[in-house]
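S.K.: Model the full assembly from the supplied sequences, consistent with the hints where possible.
Residue numbers (full-length UniProt numbering), protein chains in the order written: chain A, 1 to 235; chain B, 1 to 235.
Treat the hints with care, since some could be wrong.
Per the computed footprint, the stretches of chain B lying under chain A, defined by three or more beta-carbons under 8 angstroms from a beta-carbon of chain A, are [stated by the list, open to error]:
#1 68 to 74
#2 83 to 94
#3 142 to 152
Read the hints as simulated data drawn from the structure, not as lab findings. Cβ atoms here follow ideal geometry from the backbone N, Cα and C, with glycine treated the same way.
The residues making up each chain are set out below.
Number of protein chains: 2
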Amino acid sequence: MSAMPISTPKPQDVTQKVADALALAIHEHRLAPGTKLGEDEIGEIYNVSRTVVRAALQSLAHVQLVEIQRNKGAFVASPTPREAREVFEARALLEPRTARSAASRATPHDIEILKDHIAQEHAAMDAGDNGRALNLSGRFHIELARIADQDTIGRFIETLIARSSLVIALYWRRESALCESHAHHALVQSIADGDEQNAEELMRSHLVDLNSALDLRDRPVQAQNLRELLQTTAE
Amino acid sequence: MSAMPISTPKPQDVTQKVADALALAIHEHRLAPGTKLGEDEIGEIYNVSRTVVRAALQSLAHVQLVEIQRNKGAFVASPTPREAREVFEARALLEPRTARSAASRATPHDIEILKDHIAQEHAAMDAGDNGRALNLSGRFHIELARIADQDTIGRFIETLIARSSLVIALYWRRESALCESHAHHALVQSIADGDEQNAEELMRSHLVDLNSALDLRDRPVQAQNLRELLQTTAE
DNA sequence: GAGCTGCGCATTGTATACAACTTTGGCGCA
DNA sequence: TGCGCCAAAGTTGTATACAATGCGCAGCTC
Chain A
1 MSAMPISTPK PQDVTQKVAD ALALAIHEHR LAPGTKLGED EIGEIYNVSR TVVRAALQSL
61 AHVQLVEIQR NKGAFVASPT PREAREVFEA RALLEPRTAR SAASRATPHD IEILKDHIAQ
121 EHAAMDAGDN GRALNLSGRF HIELARIADQ DTIGRFIETL IARSSLVIAL YWRRESALCE
181 SHAHHALVQS IADGDEQNAE ELMRSHLVDL NSALDLRDRP VQAQNLRELL QTTAE
Chain B
1 MSAMPISTPK PQDVTQKVAD ALALAIHEHR LAPGTKLGED EIGEIYNVSR TVVRAALQSL
61 AHVQLVEIQR NKGAFVASPT PREAREVFEA RALLEPRTAR SAASRATPHD IEILKDHIAQ
121 EHAAMDAGDN GRALNLSGRF HIELARIADQ DTIGRFIETL IARSSLVIAL YWRRESALCE
181 SHAHHALVQS IADGDEQNAE ELMRSHLVDL NSALDLRDRP VQAQNLRELL QTTAE
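M.R.: Here it is in structure tokens:
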């Protein structure tokens with residue numbers, strides 16, 4: 001609580017910081033699915049040893065943000081259409097309940113936080129920073145789970161949001177705009193009103209909208225992955 | 001592709017094997033909640049280095065089977081009553097849907113596997129090996145998720161089953177018997193019949209039964225944890 | 001005698017060194 | 001010329017060494 005003038009060199013978990021940095025880069029679509037994540041490379045970037053990098057990568061692998069192939073290395077995960085569908089099915093199962101619970105528990109302070117999130121989303125979109133906008137949009141859902149005060153389900157939702165970011169990177173159809181902030185605004189309104197039924201229903205339809213903005217028939221082909229595709233002969 | 005007569009010394013992931021061994025010990029209640037899991041100690045037991053042990057422990061920490069406190073070490077997780085309630089809430093949300101899906105997709109071979117599981121459960125119970133019976137009972141639910149062919153939700157369920165084992169270790173009331181194999185048998189019957197509605201409903205009531213066999217008002221006190229309780233003054 | 005301070009041990013966090021595997025380039029042979 | 005094998009480089013898997021933090025006990029002060 002007192003002054004902390006300079007230099008808290010490594011106050012907290014370094015591994016977590018590396019994992020967070022990588023996760024953020026993935027969420028903001030700075031790292032495309034399929035990208036190789038070499039241990040030495042990352043270690044040099046963050047000035048940490050491979051030990052730390054490996055721990056961070058394993059942590060990300062557990063939430064399926066990266067895929068680790070033994071003796072091959074870590075790659076940014078590349079969800080298949082099947083996985084993409086499963087992710088949104090799971091969200092459809094969990095999040096409406098969470099929205100309902102949030103509506104019944106949200107404090108005025110929580111409402112402020114949510115509104116602030118939306119404002120930031122708008123700002124990012126206006127600035128043309130789609131990556132940041134997408135990340136904030138996801139964090140909105142995570143914030144909802146926090147308000148719902150369901151830690152266990154909240155963690156599941158966190159991983160689903162993270163994977164959703166990858167799904168969107170791969171399968172988003174350009175025709176549909178990222179105009180979801182309106183849906184978020186309506187959600188906040190119903191939550192502020194304590195209208196549980198409406199919140200649940202809005203979340204359900206919001207997820208349906210998101211899902212219908214995906215084109216899961218397309219192949220998960222990114223420019224960068226061409227080479228990977230060519231070696232998909234074996235298994 | 002040719003013969004592989006003997007000795008594939010370390011064919012697969014060593015870390016995973018250590019993690020599995022520890023998880024099994026926890027599931028079978030051989031390791032009580034709160035038990036300290038020293039890195040050197042485990043490393044000696046399995047003849048691996050601390051590097052491997054640390055990776056295994058972090059893996060288990062991610063599914064909340066163990067809790068890692070920085071600079072303190074790893075301990076078998078000790079779910080609070082709140083966490084226990086959340087775990088079963090989440091299961092109630094996910095598993096009925098899974099049971100329904102399993103009923104619609106199960107092949108005759110799947111039915112065989114499920115019946116075999118139940119037989120093993122019976123055998124373990126008859127042998128008085130409650131730990132093994134409990135573990136098998138959990139794996140029954142995981143097998144259901146596999147049959148339902150929902151990998152994403154299946155992974156969530158796996159972690160919930162794992163934590164359920166800890167919850168049961170802490171909060172199971174002795175009065176109620178472990179007579180769930182009957183419920184499992186009825187479930188398999190409805191799944192074999194392809195009766196989705198019935199399967200979903202049976203799973204729902206099965207989870208309610210399980211939940212009502214817990215006494216969440218009790219403190220998470222185990223003999224071994226006495227010392228830990230005494231140092232719970234701070235926080 | 002009670003409480004506090006400082007040192008020493010034990011354990012964890014991080015870095016580095018070594019071993020095993022995968023890949024790739026080139027050379028030889030058909 | 002094309003196929004296949006071998007070797008060397010690079011990357012990951014594992015073990016060990018060093019640094020830092022926490023814990024406990026002894027001894028001192030009051």
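S.K.: Are the hints correct? Go through all of them and say.
M.R.: Verification of the hints:
no.: 1; hint: 68 to 74; result: violated (count 1)
no.: 2; hint: 83 to 94; result: holds (count 7)
no.: 3; hint: 142 to 152; result: holds (count 3)
The structure is inconsistent with hint 1 alone, although it conforms to all the rest.
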